[in-house]
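Enquirer: Read off the chains here:
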Amino acid sequence: MTDTALHDAPDRGFWRAALRSPSFVAGELLTGLFVALALISFVWTPYDPAAQSIATRFRPLFDPAHFLGSDHFGRDTLSMIMVGARTSIAVAFVAVGIGIGLGVPLGLLAAANRGSLLDEVIMRANDLVFAFPALLIAIMITAISGPGAVNAIIAIGIFNIPVFARLARGAALTLWTREFVMAARVSGKGPVLISVEHILPNILNLLIVQGTIQFSLGILAEAALSYVGLGAQPPIPSWGKMLADAQTLISIAPHLALVPGFAIVLTVLGLNLMGDGLRDVLDPKLRRSRT
Amino acid sequence: MSLLAVKDLCLSISGTEILRDIDLAVDAGEILGVIGESGSGKSMTALSIMQLLPRGSETGGVIALDGDNILAHSEAEMCAIRGDDIGMIFQEPMTALNPVKTIGEQVAETVMVHGKASKAEAMRIARETLDRVELPGDRFPLSRYPHELSGGQRQRVVIAMAIALRPRLLIADEPTTALDVTTQAQILTLLKRLVDEDGMGLMLITHDLAVVADIADKIVIMKDGEVVEAGETVALFRAMKHPYTRALFEASSHQPARVPPTGGAGAVPVLEVKDVIRDYKLPRTSFFRPAGHFRAVNSVSLTIRKGENVGLVGESGCGKSTLSRAIMALEATQGGVIRIEGEPVTTDKGASLAARRKMQVVFQDPYGSFNPRHRVDRLVAEPFHLLGSEAPKGAARRKAVEEALVNVGLSAADADKYVHEFSGGQRQRIAIARALIIHPSLIVLDEAVSALDVSVRAQILDLLADLSDRLQLSYLFISHDLTVVRAITDRVLVMKSGEIVEAGDTLEVFTNPQHPYTRTLIEAAPNLEQALAAREAAAAAPAE
Numbered sequence: 001m002t003d004t005a006l007h008d009a010p011d012r013g014f015w016r017a018a019l020r021s022p023s024f025v026a027g028e029l030l031t032g033l034f035v036a037l038a039l040i041s042f043v044w045t046p047y048d049p050a051a052q053s054i055a056t057r058f059r060p061l062f063d064p065a066h067f068l069g070s071d072h073f074g075r076d077t078l079s080m081i082m083v084g085a086r087t088s089i090a091v092a093f094v095a096v097g098i099g100i101g102l103g104v105p106l107g108l109l110a111a112a113n114r115g116s117l118l119d120e121v122i123m124r125a126n127d128l129v130f131a132f133p134a135l136l137i138a139i140m141i142t143a144i145s146g147p148g149a150v151n152a153i154i155a156i157g158i159f160n161i162p163v164f165a166r167l168a169r170g171a172a173l174t175l176w177t178r179e180f181v182m183a184a185r186v187s188g189k190g191p192v193l194i195s196v197e198h199i200l201p202n203i204l205n206l207l208i209v210q211g212t213i214q215f216s217l218g219i220l221a222e223a224a225l226s227y228v229g230l231g232a233q234p235p236i237p238s239w240g241k242m243l244a245d246a247q248t249l250i251s252i253a254p255h256l257a258l259v260p261g262f263a264i265v266l267t268v269l270g271l272n273l274m275g276d277g278l279r280d281v282l283d284p285k286l287r288r289s290r291t
Numbered sequence: 001m002s003l004l005a006v007k008d009l010c011l012s013i014s015g016t017e018i019l020r021d022i023d024l025a026v027d028a029g030e031i032l033g034v035i036g037e038s039g040s041g042k043s044m045t046a047l048s049i050m051q052l053l054p055r056g057s058e059t060g061g062v063i064a065l066d067g068d069n070i071l072a073h074s075e076a077e078m079c080a081i082r083g084d085d086i087g088m089i090f091q092e093p094m095t096a097l098n099p100v101k102t103i104g105e106q107v108a109e110t111v112m113v114h115g116k117a118s119k120a121e122a123m124r125i126a127r128e129t130l131d132r133v134e135l136p137g138d139r140f141p142l143s144r145y146p147h148e149l150s151g152g153q154r155q156r157v158v159i160a161m162a163i164a165l166r167p168r169l170l171i172a173d174e175p176t177t178a179l180d181v182t183t184q185a186q187i188l189t190l191l192k193r194l195v196d197e198d199g200m201g202l203m204l205i206t207h208d209l210a211v212v213a214d215i216a217d218k219i220v221i222m223k224d225g226e227v228v229e230a231g232e233t234v235a236l237f238r239a240m241k242h243p244y245t246r247a248l249f250e251a252s253s254h255q256p257a258r259v260p261p262t263g264g265a266g267a268v269p270v271l272e273v274k275d276v277i278r279d280y281k282l283p284r285t286s287f288f289r290p291a292g293h294f295r296a297v298n299s300v301s302l303t304i305r306k307g308e309n310v311g312l313v314g315e316s317g318c319g320k321s322t323l324s325r326a327i328m329a330l331e332a333t334q335g336g337v338i339r340i341e342g343e344p345v346t347t348d349k350g351a352s353l354a355a356r357r358k359m360q361v362v363f364q365d366p367y368g369s370f371n372p373r374h375r376v377d378r379l380v381a382e383p384f385h386l387l388g389s390e391a392p393k394g395a396a397r398r399k400a401v402e403e404a405l406v407n408v409g410l411s412a413a414d415a416d417k418y419v420h421e422f423s424g425g426q427r428q429r430i431a432i433a434r435a436l437i438i439h440p441s442l443i444v445l446d447e448a449v450s451a452l453d454v455s456v457r458a459q460i461l462d463l464l465a466d467l468s469d470r471l472q473l474s475y476l477f478i479s480h481d482l483t484v485v486r487a488i489t490d491r492v493l494v495m496k497s498g499e500i501v502e503a504g505d506t507l508e509v510f511t512n513p514q515h516p517y518t519r520t521l522i523e524a525a526p527n528l529e530q531a532l533a534a535r536e537a538a539a540a541a542p543a544e
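Here the protein sequences come in this chain order: V and W.
For the first sequence, the residue numbers in my numbering are 1 to 291.
For the second sequence, the residue numbers in my numbering are 1 to 544.
Don't read these hints as lab results, they were simulated from the structure.
These numbers come from a predicted model, not from an experiment.
By construction, the Cβ of each residue, glycine as well, lies at the ideal position given by its N, Cα and C atoms.
All the pointers check out, no bait thrown in.
In silico DMTMM-like links for lysine to aspartate or glutamate, alpha-carbon gap of 20 Å or less:
(1) W:Lys281 - V:Glu120
(2) W:Lys116 - W:Glu128
(3) V:Lys189 - W:Glu331
Derived coverage of chain V by chain W (criterion: at least 3 residues anywhere in the stretch with Cβ under 8 Å from a Cβ of chain W; other residues may be distant):
(4) 177-184
(5) 196-203
Given the sequences, and given the hints that come with them, work out the whole structure.
Expert: Structure (structure tokens):
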């Protein structure tokens, strides 16, 4: 990370610059599509995603009654994808929220007390969490309190804390040596006030970009946990669970695996493109119009 | 025919005109000084000659190197010319070198890129070149890394890289601006010697008239992308036909009008520093040995009376910045007391709020001293935090901000703008407004005018002198620039290796320096008038 990345002036023409970035537009369209599907599912789905109908099982793609086919219980795939998007987005959103909500204050605190024992304790504790894979934490939590979407959120959320703590600390450290922070210290402002007033607004760019990328990782992690049966429990549909169910039937009905697979790939791709695009737009060094 | 002849050079970048009809010429063995303030296009002229312009640039006219038009060459052909026929030296020696490569490799690289020699041969040339820039092999082996060298030594390595292939033309863009005065004098002497030895042409770009007055044969003065005056050095300075040249000349030796301070000697001094010590712990070299100490400030004492301006002069690393941070209670001290109007700056509970209300600071970098996301009114009002609940609110706060802005020569409406809408000089005015808002008795000016152009610097100095007289302000003026210190201070302190080696009335110290270090500093500082007189004397001598 460079000094210039933090030297950004207030964002004039953010949308103008954003709409010129092809990756941001493509990412936003893809992400927007899945968010829209999730929102629509609250008021309308083609069928009840949990309703079974043995008579119409294993319908192929683009069947007149079932647009994306139906599974071995005759449940409508499109309805399940729509409600599953809800689960994925909710889990990832809350998990990133936990990461930002706890990680950023910890990182700022560590940076404000750089070189002290507190800094060491915070950062080494983060290293410790980083050393555990998210899946392992999830298994630990499930072993204690049983599988479910909430536990998946907690597991993924804990894994997000050190990511944001490290990012916030690293970026804040370079800002603490800057003259405007010195001037604030001469004005008698304490570390907490300086962190909130001067440091946080200047690292927001980085946090937004990292948040988008962590969001996509959260969706992947949720799918992985559901796949091994540690995420959302039936009858709540989830993309990872759909994949796991489709695995044994892949020779009879490959589309059952393809549809949730593509849903995951496209959402993650969309979020990553959006993160990349945001970085280009928010980083003045890369923004061509402002050289 | 000249070595380098630039004719009617025009440059526009994405439609904006940057340079207009630039004419200049450099002969072999000649030094051309190019002078201008920021935005005058002097660096862009150099980059045009190197063809290292940003994307979207369009050039017109002719740049002829020995009669060969550079502008007609392809990028591949330019790569062969750069480094071989034309060498370039940049301003910042800290960033011009690759920190993970040894100095030998970096100098040899230039030779090898042009396919002039094998690796062993290139290393031999590198050794020879480093010897030529006075970095002898016994003290500076090729295996040294840049971080093991001082700023001046690094600049010598950069020069070695530029001259390794004995180019016909050397372009130096502000080569000494980032260096201390004594180092600056050495680097200039070195450049002059290399020009004489190799018979190459040197284009020396700078904003400092005094730097070129001493060594340049010819001078070109640029303003807003045009050459306003050109000619032989001494003649040009003596005649100064163009008003802009005169303005530059006057600004560079500008002396703001000042009323001597009237503050009584008996009153409580604004700042009292007594036997202050600042130790840094060094990293342990061995687990079993105690960590070493580095004493950055060694029992320093000084006093500033009301309305008095005191200069603190010294080279980088002498401890003057550490001392200023200790005065502002931004850094802990290991001994001694610092009092502002009798109030100690640190108490048992950390920095004292009461003492901080009486002092403010203005930093060097007009671009880094403000949070880019806040508006000017919020930035200027920041020190009100010191007053806690007594701070004015609402309309009174707004009025105080506007008053401070008007005091520094800005308009009240500027309060609603963001800092990026202001130029460097205006930003420095905002920084002064921020310092003024709580009516302090002491303002620490940490290299506050060093990053400004000469004409802007003259205006800011006038402003500071005026404020000091009107508001009975005291300044601690920290600078490495002796001309500026001489212009604005009543007393001056000279600092070396953490200690104050000489103190006294500014005029007295400058005209009759006692300590040998002070003498070295004053001799090394470029002085336009002396340089011109010396050159005229030298020119007259053979005629007799």
